[in-house]
Each structure stands twice: as C-alpha cells, then as structure tokens.
Amino acid sequence: MQVKIVAGCIACGACESICPTVFTVYDSAEADNSQVPGYESDCREAAKVCPVSVIKIEE
Numbered sequence: 000m001q002v003k004i005v006a007g008c009i010a011c012g013a014c015e016s017i018c019p020t021v022f023t024v025y026d027s028a029e030a031d032n033s034q035v036p037g038y039e040s041d042c043r044e045a046a047k048v049c050p051v052s053v054i055k056i057e058e
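In numbering that gives the first Met the number 0, the protein residues as written are 0 to 58.
Don't read these hints as lab results, they were simulated from the structure.
A virtual CB, placed ideally from N, CA and C, is assigned to each residue, including glycine.
A few of these clues could be false.
Unchecked claim - Cβ-Cβ distance ranges computed for the label pairs, FRET-style:
| no. | residue 1 | residue 2 | range |
| --- | --- | --- | --- |
| 1 | Asp26 | Ser52 | 24 to 30 angstroms |
| 2 | Ile56 | Gly12 | 17 to 23 angstroms |
| 3 | Gly37 | Ala6 | 15 to 21 angstroms |
| 4 | Cys11 | Ile56 | 15 to 21 angstroms |
| 5 | Thr20 | Lys55 | 16 to 22 angstroms |
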C-alpha cells in the first residue's frame, strides 16, 4: 500500500490524530510510506475522514 497526499490539504490534522506514525501535518499533511506496514487500517480510516479527500490510497 502507498499513501499519497494530493494538492488541496487544509492541514486540519485529522489524519495525524488518527495515525501519527504515518501522517505529519505542517503547512499540509505528509505521509511517511516507510511506516505504513501495520497501519493500513488507520491509513484507510484517515483517508475516509479527510474533509477535503486529499489522501489517496494505492493498493
């Protein structure tokens, strides 16, 4: 699984609150794909709750 953040992030912090191991929010969210293994479910949840739908999951 790969996690991408596309343009349009509003830095709300929802993804980081769900999965701080993978997501970090500064001016916009960043995803550390090296940390995804073991956190796939949390990544999917973060993508689901993102208010602007900028978290994309590639299986």
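Hints not upheld, ascending by number: As far as the earlier hints go, 1 and 3 are violated by this structure, in ascending order.
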